[in-house]
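> Keeping their order, the protein sequence lines are chains A and B.
If you read the first sequence in my numbering, its first letter stands for residue 1, the second for the next number, and so on.
If you read the second sequence in my numbering, its first letter stands for residue 210, the second for the next number, and so on.
It is worth saying that the hints were derived from the structure and are not from the lab.
Values in this document were obtained by computation on a predicted structure and should not be read as measured data.
You may find that some hints are simply not true.
Quick list of in silico lysine-lysine cross-link-like pairs, DSBU-like style, CA-CA up to 30 angstroms [claimed, not checked]:
1) A:K116 x B:K448
2) B:K421 x B:K306
3) A:K116 x B:K306
Read off the chains here:
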Amino acid sequence: MTDLPAGVERRAFEGGERLATRGEPHYGEPTDGEYRAWNPDRSKLGAMLELGMDTGLVGGETVLYLGAASGTTASHVADFAGPTYGVEFAARPVRDLLDAAEPRDNLFPLLKDARKPETYAHVVEPVDAIVQDVATRGQAAVATANAEFLREDGRLLLAIKARSEDVTRDPADVFDDALAELESTYEVLERRRLAPHHDDHLGVVATPR
Amino acid sequence: MRAASRADHTGVLFPTGGEFADMTEHAGWFAGLDPGDTEGAAERVREGSADGTADWPALAVDEGFADDEAEYYERLHEATMAAASAGVHERERADDKQLIHAVRAMDDCERTANELAERVAEWAGTRFDDAGTGVDYARDLAEREADPADPSEARLIALAERTAALADEADELRAYVEETTPSVAPNLAAMAGPVLAARLISLSGGLDALAKQPSSTVQVLGAEDALFAHLRGSAPSPKHGVIFTHEYVRGTRPDKRGSAARALAGKLTIAARVDHYSGERKPDLDAELDERIATVRGTAEEGSGNGSDGSTGSDGGDDS
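Just chain B, with the same shape it has in the complex:
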């Protein structure tokens, strides 16, 4: 085998068939590549692999891929830049990544619209007797006052218009999230609702990352501050993170919320894994969750039925 004679030189060999194949008997990214083929080079950098390293620059010059090391590095720079750039674009274009941006933007728009609405209300209070509060009032004001009385009123109206537009965008983003999440994560979206599903994906950084989390982590996603306070030893462990917004947690009486959160997180984790690894919709999962929660709540009702914690129950009712 001619391959054997090159073993000491490259350290990396692939078995080859042809008599004249000794020019490409290594796994280097440039093996057999046309020096002008940037696209092919980027592809090699991204997809290739080798069992071990070798003196690639020397090898490339030997084989005539480059005239000298300077030219090799020039081509390597071009290839790695193109490969990394393509890789970044591909990963950032992935649907779950788009969803993450959308749900974060939705939260930003809602929060900012609310802040601006407060400013509008405060300002309007100094000018109109019937001034109200909230985003709804900002919308009213934006539509109503077509003919401002003076420059400062003109600014106030303009601010109300911006606020209304931002609130509209938040609504549009919510609609986009509700429409997109089921295609990205059908089971998770069905079980958690599209917005909460998108938040969970956002908090873990992607559907792939969420699918790899243990359910104990999913249970407290969004409660990181409380979790780390607990790990430092200065606080009790948090019972739930963002999954608190789910009816199955919030709607369960306080003394059973920990159990409900644990049960919900367990099923959400399974849903995320099915979505990531198979992508098939499995309605059975929803039914299993419904059943599990009914059990949790059933025991809760029995508990308060004995009259031992009736006051806790009524407190919980006031919360919601």
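Just chain A, with the same shape it has in the complex:
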């Protein structure tokens, strides 16, 4: 089992030991003092950590989060990371993301389309890690388009959702295609299915070429 980033701990909650970060509760998650449980069934990055993938995260890094949605995972990331840029294009979830960002000075919500990095390049600085969880077609293209933000030794932590690309195809084929598309920009360090936490999702750790 690889080390968890500083600021992420395994703590005893009702029902067993779970990942937790320290911060303001956001979505009704169980809390223990200042700590709040991080549910791997609701968070792809949580599942990647829970499954022991080597994310390279140490805590305190600058993060670009693509597909921040309502901030479930982004809020945990902001708890242990440094400046965290949360990009989300749908207006409704951003309403909740704003609630997550309100008490977190280092979480910057951006109502932007992750497929168009030029619309937020004037705000987002070069980052140590990109966390990507966008449920649209062309997930590998999004990762590639945003590679410019990633520092040389940075990490891309990507969750590929097979059903977003094509519901009718075998997930394994979808993953192969997506990884092949990543190849030109990234070197894939680790890949792993996120079951049992998320069906038909592949967790990928990669670094820029």
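Put chain B on the given structure of chain A with help from the hints.
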């Protein structure tokens, strides 16, 4: 050019004219901005763009926009919060989004009123010999019994009143939808009827999204369960979704409904695109649809006229 000397530092340059413009020769959101101008900052975050990223915090401190990185991040937080909040409000205020809420609320009110009316009918059946059913009976009961005989009757009457009020609200919402849809999507509303038009917009998430759908998707909007069962390989493809409520589908004999649904979806898709991209009313579209449906139905009548499927025809008649 002084700009060239900064290229390695920022990576992003805009051509500038002035001798003293080197403080703002980048596309960073804070370029040339007064640190206290939150509104201007939010505007920049929303509308700005850059060809590439740069070390904005360091640059901002260099230029004196912030004393240190902590202060920069504080201002960035303020600006991004204001920008995202304004963006969300603007998008959610858009008329088609309001319409989506209204049509969904209308469905909720109708469904809930019907459920409560059933409860009222069941309860009233134990107390009154002339108890009826449905929302209409709940309305009657709410108006009639001004003087309840005992506490439980008082509760029953109160429930009937709530039910009637909810049904009234559903009617009000329907009136609002009928009034608003034509201004949001004039062609779609004319062709589909305002309520169905609002439902299609609601199912795709907005007029912009609907305008980008292929007509094959519009044809089965609202039949997602059947569609995914089909894609899994365990069911035939659905012929129609909510557009079934349209007279041109429901009123067409069953063996031709697939064709009618396809024709209707095609024209509705065009109408949605005209509404989204131009917004101009084009009555020609309605005429084209009428003609197309007449053709579909015409062939259907010829088919049954040969007597080959007379029984199917009469079954279809019973359905409606």
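> State the violated hints by number, sorted upward, taking the hints as numbered earlier in the document.
1
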